[in-house]
Structure formats: structure tokens, C-alpha cells
Amino acid sequence: RKEVEQDPGPFNVPEGATVAFNCTYSNSASQSFFWYRQDCRKEPKLLMSVYSSGNEDGRFTAQLNRASQYISLLIRDSKLSDSATYLCVVKQAGNTPLVFGKGTRLSVIA
Amino acid sequence: GAVVSQHPSWVICKSGTSVKIECRSLDFQATTMFWYRQFPKQSLMLMATSNEGSKATYEQGVEKDKFLINHASLTLSTLTVTSAHPEDSSFYICSALRFAKNIQYFGAGTRLSVL
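Chain order of the listed sequences is A and B.
Under my numbering, read the first sequence as residues 22 to 131, first letter to last.
Under my numbering, read the second sequence as residues 11 to 125, first letter to last.
None of these hints come from the bench; they were simulated from the model.
The beta carbon of each residue, even a glycine, is placed where N, CA and C say it ideally should be.
Residues from chain B that face chain A, not an exhaustive set, calculated with beta carbons under 8 Å:
#	residue
1	F44
2	S53
3	L54
4	L56
5	F109
6	Q114
7	G117
8	G119
Chain B extracted, bound-state conformation:
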């Protein structure tokens, strides 16, 4: 079964609204989680590294005030897309690092469509 749960799997929203995506590690504690974004026919691009109890580290070109990341517990990280616009429509995928095994487990992804 899945070891990382990501919710919702699909969301449609109006331009200007905010959308929250949750990523949970189900049977291990993840001090580090990663958020990726994938546009059609493109690679998975890392957006940010989420560390439990501290601020996320964002990749160059990713607006931290637009993509809010909260990693308040060892099993949950959230990504909030604030004031979403059509260009934010993409496939967002989280992954949790199981440090002891040095393996990244992926959530099933969230397909965001902003109208």
C-alpha cells in the first residue's frame, strides 16, 4: 500500500482562490519532504524542500509567498497555492524522505486546474 498519502488528487478552482495540498507519510516519520511540479511533457521540477519545524527552502524562481509550505509535524507537510492563476495549473507531487533507508516515497500527485 501507499506509504505517502497526498490529497486532494484533483482540484479545479477559480482564479484568485487558494488551494491547500496535503502530504502525509503514513508509516514513518519524515523530517524532510519535497514538493515538485510537473508541467505537461516536462520533467518533475523541485519547487522546495520542506523541513519539519523550520522554514522551507525554495528553489530559484519559486515564489515563497505564493507557494506556502508548512511542515508542522513529522508526518505532514502542506503546500498552499495562494491566489492561484491559470499558469499555476500543473501536476504537484510531494515526496517524503525515509532517512534511515535514504529512499524518497512519492505521493500520487495533485492535478490542479485553475480556471
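One chain only, chain A, in its complex shape:
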């Protein structure tokens, strides 16, 4: 079983739509949680960290459920520029590497 699992998509949505991505992780020792965005042929870039209490950054809302080892990302009012691959990422404590999911591809259509 992969350590981080995501629905690969693609999700094709019209501009202005709300879209939700889900992710599950298998390692209960995971301590930090993130959503990254990756554009084609580019390095991943941090979108937001994810906290147990849930957190919001503009049109983006992230949720974490430690009991069920589940992470979500909600994007409201989708823009064309949101088209990218969204990577669910977890990390254990200390000098440990980020562990990436395979990503969910989003295409926002005019």
C-alpha cells in the first residue's frame, strides 16, 4: 500500500466551480501535512500546510482528520490559473523527507 494515496483525476471543472480533493495516508507517525501544487515540468510549490483544526487561505480550505488519517483540500471559485496537479504531502518529525502522493490533476475550463 502506498504511503499517501490520492485520486489521480483528472478533475475537469468550469471556472467558478468548487472542487474538493481527498487524500489518505498510512503512516500514523506522520506529524506534518501539506498540500503542494505542481505545474507541468516544474518543481512542487507549497500551497498550504494542513492543521487539525482546519485552515483557510483565501479560496483554499484544508482539513485534517488524524483519526481516519485523511486530508482534504477545497478550492472555491476556481480560476483558470488553478489548473495544476495538487500533491498531498506528509512528513514525520525531525530531519525526515516529505512523502508525496501521486497528485490529483485539475483542469479549470473557461
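Since the structure of chain A is already known, use the hints to place chain B on it.
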């Protein structure tokens, strides 16, 4: 601006040659750097953890004699793909761990094409 510089960004080489990729942390010291590889439509997969002044730790299935890692200073780690073959063609990305903030910063990646 970028806090991690990775060079080159793109390289094409003939089968059997060696390719060196450099990863530099620009404004902080990084005792730990990570090397990832990403094949098309796949996830970033960790290849190895590079520790300054000591041997790298390789993930299962990654040949340490083929992917040589040198982390000789607190700001530079290099990955050398030795005797490259077409199946080594991939997107290689480094990241440097800023320990004080527990944040990993990524280089822009190196796209390797082996002919």
C-alpha cells in the same frame, strides 16, 4: 527569489556518459538535502537523503554506485548519474531542509534525457 539553486535545468546526454547535478542552498546552511526523481505522471519518489560530511542514505531499490551523492559542504550537494541509460531519463529534484524552520525548499529540477 529562489533559496535553492539546482543546475543544470536540462541536460541531454548519450548513453554511457555521466551527468552531475548540483544543488545549492543560497541563504542558509543545509546539513540535510534530499534527492527525488519523478517519472511522467508519477509521484516524486525519494531517492536518497544527503547528509553533510557523511554518506548518503539511499532508498530501497536505488543503486548507490549508480547515483553518487556528495554533500561536501553545508550549502552544496551533488548527484552524479553514472553511465546513464535511457531508463534514467527523468526529472530529478533536490530539496534542502532548513532545520530551524523545519521547511524543505525545492530546487527547480533537472530534466535528464539520455539518448
